[in-house]
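S.K.: Taking the hints into account, I'd like the entire structure generated from these sequences.
There are 2 protein chains.
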Amino acid sequence: MADKLKGNLVVAQSGGPTAVINASVAGVAEEAFKHADVITGVYGSLHGIEGIFYEELIDLGQEDRATIHRLVETPSAALGSCRHKLTEADYERILEVFRAHNIRYFFYIGGNDSMDTANRVWRLGAETGYEVRAIGIPKTIDNDLAYTDHCPGYGSVARWVASSVRDAGLDTEAIGVVDRVKIVEIMGRNAGWITAATALARDHENAAPHLIYVPEKPLNIDRFLGDVQNVVDRLGYCLITVCEGVRGEDGKPLMASTSAVDVDSFGHAQMGGVADYLCKVIASRLKLKARFDKPGTIQRVSALLASPVDRQEAYGVGVEAVRQAIAGVSGKMVTIERVSDEPYESRFGLVDLELVANAERLMPADYLNEAGNDVTEAFLRYARPLIGGPLPQYAYLRKVLVPKKATQPA
Amino acid sequence: MADKLKGNLVVAQSGGPTAVINASVAGVAEEAFKHADVITGVYGSLHGIEGIFYEELIDLGQEDRATIHRLVETPSAALGSCRHKLTEADYERILEVFRAHNIRYFFYIGGNDSMDTANRVWRLGAETGYEVRAIGIPKTIDNDLAYTDHCPGYGSVARWVASSVRDAGLDTEAIGVVDRVKIVEIMGRNAGWITAATALARDHENAAPHLIYVPEKPLNIDRFLGDVQNVVDRLGYCLITVCEGVRGEDGKPLMASTSAVDVDSFGHAQMGGVADYLCKVIASRLKLKARFDKPGTIQRVSALLASPVDRQEAYGVGVEAVRQAIAGVSGKMVTIERVSDEPYESRFGLVDLELVANAERLMPADYLNEAGNDVTEAFLRYARPLIGGPLPQYAYLRKVLVPKKATQPA
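Line order of the protein sequences matches chains A and B.
Numbering-wise, my numbering puts 279 at position 279 of the first sequence, and it's gapless, one number per residue.
Numbering-wise, my numbering puts 230 at position 230 of the second sequence, and it's gapless, one number per residue.
These are computed hints drawn from the structure, not numbers from a lab.
C-beta atoms are modelled at their ideal positions from N, C-alpha and C, and glycine is treated no differently.
One or more of the hints may lead you astray.
The list that follows gives simulated cross-link-like pairs (lysine-lysine, DSBU-like), each with its CA atoms no further than 35 Å apart [what the hints assert, rightly or not]:
no., chain 1, residue 1, chain 2, residue 2
1, A, 34, B, 404
2, B, 85, B, 6
3, A, 280, A, 252
4, B, 280, A, 252
5, A, 289, B, 399
6, B, 252, B, 85
7, A, 4, A, 34
8, B, 34, A, 399
9, A, 287, A, 399
10, A, 399, B, 85
11, A, 280, B, 280
12, A, 4, B, 252
13, B, 252, A, 34
14, A, 287, A, 252
15, A, 85, A, 34
16, A, 85, A, 4
Chain A stretches covered by chain B per the calculated footprint, using a threshold of three residues with CB under 8 Å from any CB of chain B [stated by the list, open to error]:
no., segment
17, 36-49
18, 56-64
19, 96-106
20, 157-169
21, 176-190
22, 236-243
Short, incomplete list of chain A residues facing chain B, as computed with Cβ under 7 Å [to be verified]:
no., residue
23, 83
24, 86
25, 87
26, 399
27, 402
28, 405
M.R.: The structure is reproduced here in structure tokens:
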């Protein structure tokens with residue numbers, strides 16, 4: 001057991017909001033409140049690391065405890081988020097603010113950029129003789145952090161896309177005589193984890209999605225059109241899910257136009273437009289009416305369809321981070337380790353922030369089929385427990401035809 | 001009491017699928033099964049009127065009763081839908097099929113085009129000495145049928161957009177430092193009912209949506225940009241909901257490009273692209289980063305967020321249609337009449353199919369504000385009960401700032 005390090009705590013949120021990132025804040029705060037002997041104040045930083053920089057800290061101890069607990073079911077990032085790349089001088093400023101407020105515990109909830117930030121803050125503290133225990137709390141719908149089985153936020157977006165694609169597929173099945181092809185554009189820059197999860201929509205024969213395209217496998221337009229035509233020939237309609245970051249064979253994003261591409265301050269390209277583009281290609285080359293749904297940010301923050309497993313784990317990583325920090329751990333990110341698939345069981349672990357920072361975990365080859373248009377059973381086994389139980393059962397009619405009796409039209 | 005008309009029943013679904021259109025099929029079937037003395041067979045027509053035309057009728061009596069009941073919670077159109085404009089010869093063919101199968105009861109679930117079809121089938125029967133009782137069952141997310149307080153399907157899409165825009169608004173509030181403006185594009189050709197319902201997302205001060213644009217009020221681009229800038233100046237970010245059918249001051253749809261416009265077999269323009277267009281205008285004229293979410297068909301068929309009131313009424317109009325037809329009524333559509341707002345209470349009524357066919361109910365002037373960028377309290381009073389209870393409560397932090405202590409940056 002490490003020495004008791006007495007001081008204040010600050011928790012911050014970074015990157016894209018999710019359905020359950022606030023559950024991690026609740027986990028941190030509620031656990032911290034239990035350790036008032038070491039954690040003298042529980043602060044939240046507004047808009048990620050920027051709130052520390054500008055000293056916009058809020059006192060979570062001043063909030064109603066019921067409000068803190070209701071954060072578990074409140075989507076988006078209640079403390080505000082940011083995408084802020086720090087300079088060396090910025091890190092010094094952060095330490096200055098930490099010193100001024102006796103902040104000894106720093107919890108950064110985010111993706112790999114945030115893990116990098118937490119790591120640097122901790123190291124600079126150590127180098128300059130100011131002890132701060134920094135723990136990373138994983139959060140990303142993209143599910144692309146290495147060294148953890150999966151990331152809080154992913155299970156909920158996976159449940160949302162599975163449920164919505166199931167519904168959208170039934171919609172296209174019903175109206176496919178008019179709109180033959182529907183493309184649902186799913187979030188994801190380099191990794192297809194979310195798009196892959198749309199396969200969990202399938203609950204009956206010929207169920208949507210019929211084709212799935214992710215950035216890990218290059219999309220060849222001719223093969224793609226052949227795939228679509230095959231499904232339409234077989235079923236009369238086709239539902240496709242495509243990751244917004246999907247790439248052509250030249251490795252470049254398959255965008256509708258360069259106007260859809262934007263770059264954030266980390267140099268990440270902002271994706272969008274691929275479904276629109278593919279609809280136009282289908283209309284012109286296959287002469288089939290195609291439309292697209294692009295749920296955008298709605299998919300990542302939908303609280304009412306959040307995965308209960310995801311919510312529970314998001315809360316749990318927050319609690320675990322505080323426990324580990326009090327026990328003396330620093331410079332680590334809390335991970336989720338899978339114990340078993342069915343019944344699903346997981347436990348928490350730790351990994352060096354340094355390792356996870358700036359690493360990116362793409363989908364492994366055995367989760368994607370050879371043709372590059374679907375996932376494998378291995379992926380389904382991986383993803384199924386994360387959405388927190390099966391989707392509610394729908395009715396599918398047997399459709400016993402009444403024998404024909406009228407004169408048949410010529 | 002009319003003479004007992006003994007024979008078979010056929011129910012069909014038409015137009016865009018919804019979250020609750022199958023509940024109406026369940027209502028028809030379950031009520032019809034109770035009247036086996038007059039209704040000898042309960043058939044479903046596959047893909048709307050086309051199933052009658054091609055004699056693709058299924059025997060709902062052959063389905064498991066539990067499956068029929070589970071239709072209440074199954075979205076989309078289980079019998080399949082269509083958008084098929086009939087010729088005079090087509091109506092004669094329909095009567096031929098009706099005669100061949102002794103179909104005496106015809107229930108068409110759909111919008112105004114379907115009411116027109118049901119009306120013509122009934123009249124042609126009467127003219128040619130074949131009695132068929134045809135009843136229209138209202139269904140449209142667009143809520144644009146006249147002579148009914150509202151349409152089954154609307155309450156559920158309203159609940160979906162309110163919930164999703166609330167979440168998307170919190171997302172933009174959290175990350176607004178990066179993506180200042182978000183536009184959510186909502187379905188609707190000429191009527192802004194669904195887009196207007198996004199106002200039900202508001203549950204705290206400054207809550208989204210901040211601006212709402214519907215087709216009933218022309219959108220002037222300069223005024224629009226001024227509105228957006230005002231919100232961004234005040235809050236730092238802005239969430240806008242815009243109906244895909246929104247028009248410019250020339251009365252023409254405000255489309256990104258003509259390629260987004262398509263026309264279905266009824267001559268209705270297929271909408272889409274306005275949010276993309278407005279994002280580009282905002283980026284170029286206001287120099288603000290703007291993104292859009294276009295949930296598309298997902299909004300209309302999301303079963304898991306359906307309104308309980310809507311589901312119950314969708315079932316109810318099916319039951320009522322059968323009861324009225326058995327009692328001798330024909331050539332009518334079942335309507336919903338509002339008895340009181342709070343507590344919400346409704347009852348069923350009837351209107352001539354002729355009146356409702358081809359009529360379209362746009363939003364009345366007193367439901368929209370003068371500036372053309374929001375709804376009024378009168379609209380909220382109208383729409384609130386239809387979503388079936390308030391959205392679950394979220395946590396909003398008080399955000400008590402910790403006094404600044406560090407040296408302030410110059």
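S.K.: Of the hints stated earlier, which fail here?
M.R.: 5, 12, 13, 22, 24 and 25
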